[in-house]
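K.L.:
With the hints as constraints, model all of the structure from the sequences given.
Protein chains: 2
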Amino acid sequence: MDQIRIGIVGYGNLGRGVEYALRQNPDMALVGVFTRRPPSSLTLQTPGVPVYPLDALDGMEGAVDVLLLCGGSAADLPEQSPRYAGRFHLVDSFDTHANIPAHFAAVDAAARAGGKTAIISAGWDPGLFSLVRALAAAVLPCGESYTFWGRGVSQGHSDAVRRIPGVRDARQYTIPVPAALDAVRSGANPALTTRQKHMRECFVVAEEGADRARIEQAIITMPHYFADYDTTVHFLSEEELLRDHGGLPHGGFVFRGGRTGRQEQNRALVEFKLTLDSNPEFTACVLTAFARAAFRLGRAGQAGCKTVFDIPPAALSPLSPEELRRQLL
Amino acid sequence: MDQIRIGIVGYGNLGRGVEYALRQNPDMALVGVFTRRPPSSLTLQTPGVPVYPLDALDGMEGAVDVLLLCGGSAADLPEQSPRYAGRFHLVDSFDTHANIPAHFAAVDAAARAGGKTAIISAGWDPGLFSLVRALAAAVLPCGESYTFWGRGVSQGHSDAVRRIPGVRDARQYTIPVPAALDAVRSGANPALTTRQKHMRECFVVAEEGADRARIEQAIITMPHYFADYDTTVHFLSEEELLRDHGGLPHGGFVFRGGRTGRQEQNRALVEFKLTLDSNPEFTACVLTAFARAAFRLGRAGQAGCKTVFDIPPAALSPLSPEELRRQLL
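So the sequence lines, in the order shown, correspond to chains A and B.
Counting from 1 along the first sequence, just add 68 to a position and that's the residue number in the working numbering.
Counting from 1 along the second sequence, just add 68 to a position and that's the residue number in the working numbering.
Because the hints were derived from the structure by calculation, they are not lab data.
Only a predicted model underlies this, so the values are computations on that prediction, with no experimental measurement involved.
Treat the hints loosely; a few may be bogus.
As the list claims (entries may be wrong) - Covered stretches of chain B (in silico footprint by chain A; criterion: 3 or more residues with CB under 8 Å from a CB of chain A, positions within the stretch not fixed):
#	segment
1	82-92
2	164-176
3	206-214
4	373-387
A virtual CB, placed ideally from N, CA and C, is assigned to each residue, including glycine.
P.N.:
Take a look at the structure:
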């Protein structure tokens, strides 16, 4: 079988995660990493794969089947996905929820014009969680859905703490409130405030001589980021931070609590849970599976922008339809 | 919007569950229940909906968009699904795993010949669980999958106990072994025997004067059904059985424990869990959502037999693609 030829755009945590994921998928081959940094500054883990400057993508339409865009949603993807969607099948993990309709429209126009298939927002949230939310709501129309995130490191909240004067480094964990999880699991379909759903825990390395009480106050009263949550702040040494909080674990839960029966007297609870040692590596695994789908839909002439809602699960799997029915149905 | 016109074939627990589910889905309308019993012996919960003898389906091709087949997998569906697949879009919950390839082939031939869309095995297992198994294995190719069933009533095992001389009535619960769930959740990807995964609990009403020790022995040594499991037997009165074990709860878990990263050193765990007060009512909810998909794929000319692997999640949802992206992505 011919391998699907993959190009990675961006070689941060996510791009490296895709490189690792491709090793686990023998039907795909990495043909190059494309970067805005000097190519010679990057050392790949895959022998023989070249690093190109981003510009080199122009003219490589015949050498790459699917581009996996591994940049950020703030600046990279809004520019890159529409730019490349007309020339390559592509997958991104665009995750700025409010801007998804505009991103979809821009990518869709480019992909249709070029006759290519693009899949956006194909991580775990948005992505797998979205899929479960749609599936569970379709099956249980009478009910309530809940999404919880964590326990995991939030990069945005960690950055917000780092910007406080006197903070040298910081890590912020988002944590579902156990009582909220229990209430949802009971089938009671509770109404939950922001504060009742999640709490936040910060591990902070202070500059020498910094006023810790002031830093703590600045954190727990910070609007949008912390003021609406119960937040705990721990101070620790730089060594402790690196030793105990060096990873990027994450995860979360999607619940749908529904009612069935003649008088809607019976409960039905759907729970989908992810527990991830490495958030970017798992996101990369999702992107990689959707690369297979982008290639197949593209080959079938289904041009335009798609999301997880548009992809038949079989398109993600290396198994044939017959194998899927025999082994997994 | 024109409603999707639904016909229910078979009016047992599952058929009644579909009737209740249709009330929660305003884009669908029940146009008739079709039964092998004398139609006058059935009392529907939906005013004004007629009950027809099964033969009345011949000639109703213009009045029914999608048939939901609510009979059993042993005798009903192998005969009915191929028979009607050429004339109606249809959905069934065929669940005899070993016979799925043959059932698929028979339904596919009929559906293609008639230009109709059939979706088979669209319950929760096979069905939603199959979908999660395929999805999780595609995302985490390096890993192990586990399916656990219960705590819930197994009809087949309950029937097996009832066939023992001296047993008046019985209910059997299949129960995941808590230590096995813990081991899987730890990310250790353990090898588990049949006995290590599930245990069985039987509630038995004995005939007066029956030898309870003999009944208990007959249960726990029964090949295939109980001999490979740790089984607990409780004797109780008929009143107690009806009072405490009158429902049909069920549920279960699908896990995928995978590895990510440069040296596959990081764990990623997917857990999907269902907790259902009523097994047939939830299965009916799944069938009903897939009726929407069968109608839409049928309208789009996608003739033939499909399974959950072939259905884009958007096809299950009453929301438009724009609503899905805005609200659930």
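K.L.:
Does each hint hold? Answer for all of them.
P.N.:
Structure-based check of all given hints:
1. 82-92: holds (count 5)
2. 164-176: holds (count 4)
3. 206-214: holds (count 5)
4. 373-387: holds (count 12)
The structure meets every hint from the earlier list without exception.
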